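J.: Sequence:
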Amino acid sequence: MRQIFTLVGAILGMCLIGGTLLAGLIMPIATTSGTGANAVTAMFEESPDDLGFVQPSEQSVLLASDGSQIATFYTENRIVVASNKISKHMKNAAVSIEDRRFYEHHGIDVQGLAGAFVNNLTGGNTAGGSSITQQYVKNALIEQGRVNNDHNLIEQATERTIARKINEARLAIAVERKMSKDEILAGYLNLAQFGPNRYGVEASAQYFFSKSAKDLNIPESAMLAGITQSPARWNPVKHPEEAKTRRDTVIREMYRNGYITKEEMTSSQNVPIADMLHISEKPTGCAAAGSAAYFCEYVRNDLLNDESWGKNRNDRIAKLYHGGLTIQTTLDPKKQKEAHDALVNNIPTDDASGIQTAMSSIEPGTGHVVAMAQNTNYGNATETDPRATKVNLNVSRSMGGGSGFQSGSTFKVFTLIEWLKSGRSQYDIINSNGGTLPRNSWNIPCAPKARDNYKFGNLEAVGGGMMSVLESTRQSVNGSFVRMANKLNLCDIADTAKNMGVERGDGGKWKYFPSMVLGANEVTPLSMATAVSTLGAEGLHCKPQSFTKVSDSDGNVLASKDPDCDQVLDKEIARKTTSVLRQVVAPGATGEKAQVPGREIAGKTGTANDDTNAWFMGYTPQLASAVWQGHMSGTKTMFNAVIKGKRYGEVYGGLFPATIFSTYTKAALEGQPNKHLNDGKQSSQPSSSPSSKSASPTPSSVSPSESSGSSETIQTPSEDQSKHKNDDEDDDNGGGEGDDGND
Numbered sequence: 001m002r003q004i005f006t007l008v009g010a011i012l013g014m015c016l017i018g019g020t021l022l023a024g025l026i027m028p029i030a031t032t033s034g035t036g037a038n039a040v041t042a043m044f045e046e047s048p049d050d051l052g053f054v055q056p057s058e059q060s061v062l063l064a065s066d067g068s069q070i071a072t073f074y075t076e077n078r079i080v081v082a083s084n085k086i087s088k089h090m091k092n093a094a095v096s097i098e099d100r101r102f103y104e105h106h107g108i109d110v111q112g113l114a115g116a117f118v119n120n121l122t123g124g125n126t127a128g129g130s131s132i133t134q135q136y137v138k139n140a141l142i143e144q145g146r147v148n149n150d151h152n153l154i155e156q157a158t159e160r161t162i163a164r165k166i167n168e169a170r171l172a173i174a175v176e177r178k179m180s181k182d183e184i185l186a187g188y189l190n191l192a193q194f195g196p197n198r199y200g201v202e203a204s205a206q207y208f209f210s211k212s213a214k215d216l217n218i219p220e221s222a223m224l225a226g227i228t229q230s231p232a233r234w235n236p237v238k239h240p241e242e243a244k245t246r247r248d249t250v251i252r253e254m255y256r257n258g259y260i261t262k263e264e265m266t267s268s269q270n271v272p273i274a275d276m277l278h279i280s281e282k283p284t285g286c287a288a289a290g291s292a293a294y295f296c297e298y299v300r301n302d303l304l305n306d307e308s309w310g311k312n313r314n315d316r317i318a319k320l321y322h323g324g325l326t327i328q329t330t331l332d333p334k335k336q337k338e339a340h341d342a343l344v345n346n347i348p349t350d351d352a353s354g355i356q357t358a359m360s361s362i363e364p365g366t367g368h369v370v371a372m373a374q375n376t377n378y379g380n381a382t383e384t385d386p387r388a389t390k391v392n393l394n395v396s397r398s399m400g401g402g403s404g405f406q407s408g409s410t411f412k413v414f415t416l417i418e419w420l421k422s423g424r425s426q427y428d429i430i431n432s433n434g435g436t437l438p439r440n441s442w443n444i445p446c447a448p449k450a451r452d453n454y455k456f457g458n459l460e461a462v463g464g465g466m467m468s469v470l471e472s473t474r475q476s477v478n479g480s481f482v483r484m485a486n487k488l489n490l491c492d493i494a495d496t497a498k499n500m501g502v503e504r505g506d507g508g509k510w511k512y513f514p515s516m517v518l519g520a521n522e523v524t525p526l527s528m529a530t531a532v533s534t535l536g537a538e539g540l541h542c543k544p545q546s547f548t549k550v551s552d553s554d555g556n557v558l559a560s561k562d563p564d565c566d567q568v569l570d571k572e573i574a575r576k577t578t579s580v581l582r583q584v585v586a587p588g589a590t591g592e593k594a595q596v597p598g599r600e601i602a603g604k605t606g607t608a609n610d611d612t613n614a615w616f617m618g619y620t621p622q623l624a625s626a627v628w629q630g631h632m633s634g635t636k637t638m639f640n641a642v643i644k645g646k647r648y649g650e651v652y653g654g655l656f657p658a659t660i661f662s663t664y665t666k667a668a669l670e671g672q673p674n675k676h677l678n679d680g681k682q683s684s685q686p687s688s689s690p691s692s693k694s695a696s697p698t699p700s701s702v703s704p705s706e707s708s709g710s711s712e713t714i715q716t717p718s719e720d721q722s723k724h725k726n727d728d729e730d731d732d733n734g735g736g737e738g739d740d741g742n743d
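Everything in the sequence shown is counted per the UniProt record's numbering, starting at 1 for the first residue and increasing by one.
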C-alpha cells in the first residue's frame, strides 16, 4: 500500500513540476497573449549573456622559442577545444548514456525527468534525469563560482532542491535558444569532470590515453562518457573492473541508439581496460619542465611581477592559473639542454662535494634569456634527494632566487671600464703590489667614507712591481685594480655595473666601500650574464627578457615584448674592454680553459675569498653567459673539495666555471658562423706571452685594516710607447690567473 501512495505522490509531484517545465517549453515558442502567458514567458527569457557565464578555467601553457611545450599552469586541468576537435564517438557516447533524447528536446527531457523522479522515489535505479543541457548549465554555474571564488553560487548550483531544478531547467531552455545543439554538447564535454583534477574531454583524453579528444575510438569514448557521473567510483586506474562494467554499459547504449553496429559493440567490449590505458601524468607548474624548471620558475615570477598586463598581481595570478594563456618564452631548448649537460657533467647533481653550480645565458642585442640551469633537482628537499631545491640560484630573491653571491674578480671588469671611460689606457703602467690605502683617500660621494684603512694583497707569485693594466687583467692582480679604483670614483664604478645590468641578489643597497672593487657585493649569475652581453653588443644593454608574448585563450595578445635596450657604453670603450678581456682567455692566462676552438671569446674569471665562490663570465657576439660555482650559502669554502672523486686543493674561476663555459658555448653555437668580436683590432685570435709567468688566480681580498696608507705610482706610456707595447702584447702574452696555480 505504501508503494502505491508513494507512486501516486510521485505522479502528482511530476505533474506540478512537469506542468511548469512544459509551459516553459511551449510558451516561449507559441504566440500568446494575456498576463498569465506573459509571466510564464518572462520566467524563461533570461539568457546566458544575462547570467554572465564565464570562460571555463583552462590550463595556461608555457612554450619555448621553437613552440615546444615547457610546462602548464592550472588549478583545473582543462584544455578547451572546439567541437570539431572532439571525436564523433565521444559525442555519441555522451548522448547515449546521459541524454538519449538530446536532439529532440528543447533543454529539458520531461519524460526522462519523470522516469528518474519515479525511480528515485520507488527505490528503483537512481538517476538524475537531467538533460545534457541542464548538466551544462549546472557545471557552468559551478565553474563561474570557482573562477569568481563565489562559494554561495557553487552551493546554489549543487543543492538538492526542487527550486534549484526549476531554475536549472529555466536556464537550460534559455541556453537552447542561444546555442546550437553542437555548441551545447561541446560545452558540456569541455566542462565535465572526468577524474581527480581532470576537467574536460581533451585534458582527460591526454591523461588516460596519451592522445587528443579528436582521436578517441569507441571504447575510449565510452569509458570517458561513463566516468562523468561518478569520477571516483569509475576511475579506471583505481577500479578497472567497475570501470569496464560501466564502459560496457555505455557501449551497449551506443548500439541501442544506432551509433555503432553489433560487431563494433562486441569488439569494443572485448578490449581490456589495461590495454586501453596509456597514462600520461604531467604535474602542473615548473616541476614538469625538466632541466628548464628553474627557467620556468623565473618566467612565472617575471609574468606575475610584470605590470604591463593584468590589473594587479592577483589578477595576473588568476589569469595564469585559470585563463588558458599561451606564453611564448625566449628559451632555446637546444641551448638549455647543453647548459644543463655542461653543468651536471662537470659537477653531478649527486656529487659527494655538495657543490652547486649555475649558469645563465643571454643573447646580446636582444636580452633574450636562452638558457638557465643549475645542477640541482627542482623541488622540495626529501630524504632521497636532500639537495633538491626550488631556489633559483641564477636570479634575485624577487624572482624566486636567493641573496646572490660575491662575484670575486669578475667585478674588476667594471673598474677596467671606468678606467677606460676616464680617458686612461689599458697600457698604463701601475703598481701591482699589495699594500694599505688610507680611508680618506677614497672617492665615494654617494656613501659614507670608508671606516678603516684598506689593506689588500695578492696571492704569492702573482703580480708585484709595475705592470700594465692589460697584464693585470690577464693575471687578475688585486693590487693593480685596488689602486686603479682608488684613482676613480667608486660610485661611478658601481653605476657602470648597474647600468650594464648587475644587481644585488637581495635587492638591497650596494656596498660602496673599497672591497666592492674585488667583488664584495652579492650578485646573481643572470645579472652578470646581462653585463657581459652588453659588451658582446658593443655597449648596448638590453634588459633580460624571459617571454615575448602572452595571448589569451581566444588569441588576443595581452602583452608583447620587444627588446628593451639602451646604449650605456660608448662603442669604442666597449671595444677596448673586449680587446683586454680577449687576452684573459689566451693561453697561459687566467681564463684559458674558457677557449672555444674556432671562436673568438672574451671574458673574466673570478674567485672570492677562501674559494667560497668561483665564476667565469664570457661572451661572443651571439651568446653571453655567466657560470657560478659554490654552495648556496655563499660562505662555505671549497678548499680541498673532492669533485667526481678527485681532490682539488683550490677551486677557482679558471677551473670548473671556465671549463663549463667552454663546453656549453661550443655545443650551443655548433653550426653557427664564427662572428668576430669587434675589439678594434685586426687579429682574430688572442695571443700568449711566453715571458709572462703563469700563476695561480688571486682570490679577492676584502679585509680592512687599521694600517697606514701606502703610495703608488701610475705611469702612462707615450703614444709611441703604447703602440710598441701593444705590438709586444699581441705577440707575447702570458701569465697565469691570479686565482689558483694548480691546474
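Don't take each hint at face value.
To be verified - Pairs of lysine-lysine residues, derived as BS3-like cross-links and limited to a Cα-Cα distance of at most 27 Å, are as follows:
id, residue 1, residue 2
1, K675, K509
2, K636, K455
3, K509, K421
4, K636, K646
5, K509, K449
6, K311, K543
What the hints assert, rightly or not - With beta-carbon atoms standing in for the labels, derived distance ranges:
id, residue 1, residue 2, range
7, D150, K498, 44 to 54 Å
8, G671, T158, 52 to 62 Å
9, D66, N556, 42 to 52 Å
What the hints contain is simulated information worked out from the structure, not anything from laboratory work. Bear in mind that the values here come from a model prediction, so they are computed numbers and not experimental data. Don't be surprised by glycine CBs; every beta carbon is placed ideally from N, CA and C.
J.: Now tell me, hint by hint, if it's right for this structure.
T.: Hints versus structure:
Simply put, K675 and K509 have alpha-carbon atoms about 38 Å apart, too far for the 27 Å limit, and the pair is violated. Straight-line distance between C-alpha atoms of K636 and K455 comes to about 23 Å, which keeps the hinted pair within the 27 Å bound. Simply put, K509 and K421 have alpha-carbon atoms about 25 Å apart, close enough for the 27 Å limit, and the pair holds. Of the pairs offered as hints, the one joining K636 and K646 holds, with about 19 Å between alpha carbons and a cut-off of 27 Å not exceeded.
Annotation: proposed proximity of K509 to K449 holds, straight-line Cα distance about 16 Å (limit 27 Å). About 23 Å separates the Cα atoms of K311 and K543, which keeps this hinted pair within 27 Å; it holds. The hinted window of 44 to 54 Å between D150 and K498 holds, with their beta carbons roughly 46 Å apart. Between G671 and T158 the beta carbons are some 58 Å apart, a value that agrees with the proposed interval 52 to 62 Å.
Under the hint 42 to 52 Å, the C-beta atoms of D66 and N556, about 23 Å apart, miss the expected range.
In this structure, the hints that do not hold are numbers 1, 9, in rising order.
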